[in-house]
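Okay, here's what each chain looks like letter by letter:
4 protein chains.
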Amino acid sequence: MNRSQLVGEMKKRVFEANLLLPKVGLVKLTWGNVSEINREIGAIVIKPSGVPYAEMKVEDMVVTNLEGDVVEGTMKPSSDLATHVELYKAFSKIQSVVHTHSKNAVMWAQAGRAIPAYGTTHADTFYGEVPCTRQLTNEEVEKAYEKETGKVIIETFAENKLDPLATPGVLVYGHGPFTWGETPQKAVENGIVLDEIADMASMTEVINENCQSIPDYLLDKHYFRKHGATAYYGQK
Amino acid sequence: MNRSQLVGEMKKRVFEANLLLPKVGLVKLTWGNVSEINREIGAIVIKPSGVPYAEMKVEDMVVTNLEGDVVEGTMKPSSDLATHVELYKAFSKIQSVVHTHSKNAVMWAQAGRAIPAYGTTHADTFYGEVPCTRQLTNEEVEKAYEKETGKVIIETFAENKLDPLATPGVLVYGHGPFTWGETPQKAVENGIVLDEIADMASMTEVINENCQSIPDYLLDKHYFRKHGATAYYGQK
Amino acid sequence: MNRSQLVGEMKKRVFEANLLLPKVGLVKLTWGNVSEINREIGAIVIKPSGVPYAEMKVEDMVVTNLEGDVVEGTMKPSSDLATHVELYKAFSKIQSVVHTHSKNAVMWAQAGRAIPAYGTTHADTFYGEVPCTRQLTNEEVEKAYEKETGKVIIETFAENKLDPLATPGVLVYGHGPFTWGETPQKAVENGIVLDEIADMASMTEVINENCQSIPDYLLDKHYFRKHGATAYYGQK
Amino acid sequence: MNRSQLVGEMKKRVFEANLLLPKVGLVKLTWGNVSEINREIGAIVIKPSGVPYAEMKVEDMVVTNLEGDVVEGTMKPSSDLATHVELYKAFSKIQSVVHTHSKNAVMWAQAGRAIPAYGTTHADTFYGEVPCTRQLTNEEVEKAYEKETGKVIIETFAENKLDPLATPGVLVYGHGPFTWGETPQKAVENGIVLDEIADMASMTEVINENCQSIPDYLLDKHYFRKHGATAYYGQK
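Protein chains in written order, with the working numbering: chain P, 1 to 236; chain C, 1 to 236; chain Y, 1 to 236; chain S, 1 to 236.
Bound-form chain P, shown alone (with noise of 0.2 Å):
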């Protein structure tokens, strides 16, 4: 396929994954986006700011350069494309990124705590808790508040010792949560798992003040029943 026709592939993909969002209930209103990044053909497609789901139709889907300069589209690109950015930047391996309000992910990001791995729905997926990034500072977030949370995200990261491919989704302080993947379904399904899990883990809490997260041996059990060579989950 050529750039134009691969283009308008990311399109449609965005633009169905962006459908989902408010279809399984992780999104309200307009409080979401989905990006796709081609960095051969040096493009990212991503939502139009605050346009209506029940409105919005493919062709609104906005394409820019890798610096996120708009090259394609007549509309405005999503406010948070900076911190779309910036995580296309240093998480190399990630092909979407997927930015909600979803409840219960938002509960946690608002409480400012990590997701404990508490089960193995959780490690299924996540391979270990779920981080949450330190407040942003004041200047932060003068000066470029969307890309310092790009910035912020990748320290956290970087702090921690974190695999982005084994850690699909962060929380940020008193924002929300984003979450990645190869393909923006599979972006959007780590967003299903993010918000599921985070509710899981507080109710897991009230019941058992004491509750432990799972040992590393069933951690890794089950992460690796579903990703990398060993995997043996699913039909491949």
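Just so you know, the hints here were simulated from the structure itself, not pulled from any lab data. It is possible that some hints are incorrect.
Put simply, identical chains are the same to the list, so a pair is met inside one copy or across any two.
[Stated by the list, open to error] Lysine to any residue pairs mimicking SDA-like chemistry, simulated, CA-CA at most 25 Å apart:
{"#": "1", "residue 1": "K103", "residue 2": "V24"}
{"#": "2", "residue 1": "K161", "residue 2": "A114"}
{"#": "3", "residue 1": "K103", "residue 2": "G128"}
{"#": "4", "residue 1": "K147", "residue 2": "K226"}
{"#": "5", "residue 1": "K76", "residue 2": "H227"}
{"#": "6", "residue 1": "K103", "residue 2": "E205"}
These numbers were taken from a predicted model, which means no experiment stands behind them.
Assemble the complex: chain P is given as a structure, and chains C, Y and S must be docked to it using the hints.
Chains C, Y and S in isolation, oriented as in the chain P frame:
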């Protein structure tokens, strides 16, 4: 458009906004009402009292003057009309008022607490905490309950020096939420946001009993990303 | 109408009210039943026992006399029939009884607590707290469980000097809610309200552990806005 | 019917029961599986591993012998097959096993607690608390994880002297629920009940931290209303 056409348009908007309430899950049975005002033609349009949503027709919408006296329609207006009238008198820049018993907002109203601004989902719509009124006195309830409900909201905004455009909603102690906006659609959306952030806030406190409101600079950033001359969210 | 026609109308109303239960989310599987009484013709119509809602037909409704003896129909009546019969005998002004295992009401029944009147949503339907019965004794359970369930409800109302019209529902300790009303539709609506206020009340206590019931004058105001000679809510 | 016809019927029932899981809200994405056994013809039918529910066809169901070796079908069976096989070997009277990650049951599994019998909704299906297994050891997880998951369930039932027909489900510590029954439909229904009573139980404890299990005589009454020779619920 002449007065009759303008009122006809108002009726349609108010009718559709009322139907939106049960559809988005803010209202069960007949627990909610939406109104719209046009100060220039001296008209308020509001839902009739206690009519099931499934049976309600656009022509059932009741038209009153700016004092709340019915001038058109055979049905009784919502019993909360007097509250709407007070809010329209005091808050001259709002064009629509919505009242519901949406679950999560009611929980905070019953708890008698303002909702702290724990995150950006809150700050995107409410510039600071969502206030909760004091309890009405016996005299106020017996004298003119619905009118006094409006007055205690106005008192709460005056005492806390709040701008009703920057804080488009309130909790009435022991009762429930009122929200408002420039259009019925927008006032309902503010009701959706209020219920969602109420839900998020209560579990935020369960997850971290020492959780903190977001810093003012982040509140400013998110609120002014979407509102005022420096807004850059959306397509305008 | 003759007796046959009246019973036919009762069957339709009872059938439709039973179908409403899963539709509004009060019932899973076969956990619920609705009945209606016509004391003049000496007939009670009730749902058959354990029939899946999807397969149930209007002609499956069971007709009994005022003692609960089946007089028409080939199916067994709901196993809770004896509870309904006791309530109809003691509460002479109610025409329909509904029993469900609706989640939030059951939580309070299992906790063994009456639901305090924390707000106007509660006061619009229940004039004061929703009572919870004592635990049944071993003897009562073994002797005539369903009949004794009715008796302990009646005992609870007598001891607390409650009017079943002003308190159209109850929690049976360790079991779940019964509600009633003038029609099957109204009894189901009271079940909807009871479950909703149960949900609101539990989180109200989580949000503010020192929350208070609303003052009597507000309880009076809201209850009598909707009920009795001075009611002004609705179109009558 | 001959073997081929019997297996064909099993495939249909297993397929339909699997589709029921997301429909009733017990399963997100591909997190669940249902199987059925016919010991006489030596066949187990189970869902294929990791296939999206929307794409799954009845002919994708995998057939194995009683040891779990695939004998028919081109797809890999659910990775949890070995757990099902162990349960079928030890619990000779069950014909179907269901595994999900339903939210409320998982919360208790993650909390590592058995669910107390707080009410009759629980007692109608589970004759006593729903047990939770111990944590699997490192050796067990590494040796034969899914088989050992079955074994720890069996160990839990043996140690607590539980009858799998009277306690048709279990929580695996840090993982989630397994339920079973005489048919796939019944095993799914037991999964619905388990998730519902898990939800009820956690909030029961929030509403009353000193809540008590129902007395044995009430547990007996409700369980034997629906089960065994003295049952009188339903139409049989």
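Quick rundown of the hints versus the structure:
Both within a single protomer and between protomers do K103 and V24 lie at most 25 Å apart by alpha-carbon distance, with minima of 12 Å and 15 Å respectively. With identical chains, the CA atoms of K161 and A114 are at most 25 Å apart within one copy only, with a shortest distance of 15 Å there and 36 Å across copies. Taking CA atoms no more than 25 Å apart as the test, K103 paired with G128 passes in both settings, with 21 Å inside one copy and 19 Å between copies. For a Cα distance limit of 25 Å, the shortest separation of K147 from K226 across copies, 18 Å, qualifies, whereas the shortest one inside one copy, 33 Å, does not.
In this homomeric assembly, K76 and H227 come within 25 Å of each other (Cα to Cα) only across copies, at 16 Å, whereas the closest approach inside a single copy is 37 Å. Taking the closest pair of Cα atoms, K103 and E205 come within 25 Å of each other both inside a single copy (17 Å) and across two copies (14 Å).
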